[in-house]
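S.K.: Sequences and hints are given; from them, build the entire structure.
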Amino acid sequence: TSAAGDPIEIVPAIEIGNIFKLGTRYSEALGATFLDEEGKEHPVVMGSYGIGPARIAAAIVEQLADDAGIVWPKAIAPFQVHLVVLGKHANRPERGAADALYEELLEAGVEVVYDGRDGGPGAKFADAELLGCPLRITLGARSLESGELELQIRRGQENKSIPLEGYFTETSIQVGRVG
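Its first residue numbered 238, the sequence shown is counted upward by one per residue in this note's numbering.
Any given hint could be a false lead.
Claimed, not checked - Below, in silico cross-link-like pairs of lysine-lysine (DSS-like), each with a Cα-Cα straight-line distance of 27 Å or less:
| no. | residue 1 | residue 2 |
| --- | --- | --- |
| 1 | K325 | K361 |
| 2 | K258 | K311 |
| 3 | K277 | K311 |
| 4 | K258 | K277 |
| 5 | K361 | K311 |
| 6 | K258 | K325 |
To be verified - Label-pair restraints from in silico Cβ distances:
| no. | residue 1 | residue 2 | range |
| --- | --- | --- | --- |
| 7 | G359 | I288 | 36 to 42 Å |
| 8 | R292 | R262 | 57 to 63 Å |
| 9 | G284 | R354 | 46 to 52 Å |
It should be emphasised that the hints constitute simulated quantities derived from the structure, not laboratory data. Since this is a predicted model, take the numbers as computed values, not measurements. Cβ coordinates follow ideal geometry from the N, Cα and C atoms, glycine included.
M.R.: And the structure:
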């Protein structure tokens, strides 16, 4: 219980900023003073504060991660889009389409992680969840057949499909409106 007799609640927390009481150590060395109401000179009592960007990122990860991995908010995500190409060989048509989409996204100013590795979809999707980009775009053989890309919004796991052709352009970038 507290000094007032109230119960103390213990909750998880992370320090993202701090305050340092510096006292008069530096003001005396610098000759930084002020005059009180009677005109008497005193050294300035100093302090400083700081907010650590790494601590902010750690707090966000701690607060928003789920069982699958990180869930970055769009505002601070290191990458906005995780582009996943399905197909195990580099010479497949979906790889060429994904390469073109990647270039189009970059030209539109979108930060993209491009997973063009050989490998199965399970590992690629698990890695995408772990990294936590706000939006995953999946392009595979089905995308080329249907003419649609699969989008998955990381937060909330919402899925939707969009047209493969002409969706991402410099004048109408939709990534900012999804997620």
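S.K.: Among the hints numbered above, which are violated by the structure, and what are their numbers in rising order?
M.R.: Of the numbered hints given earlier, those the structure breaks are 2, 3, 6 and 8, listed in rising order.
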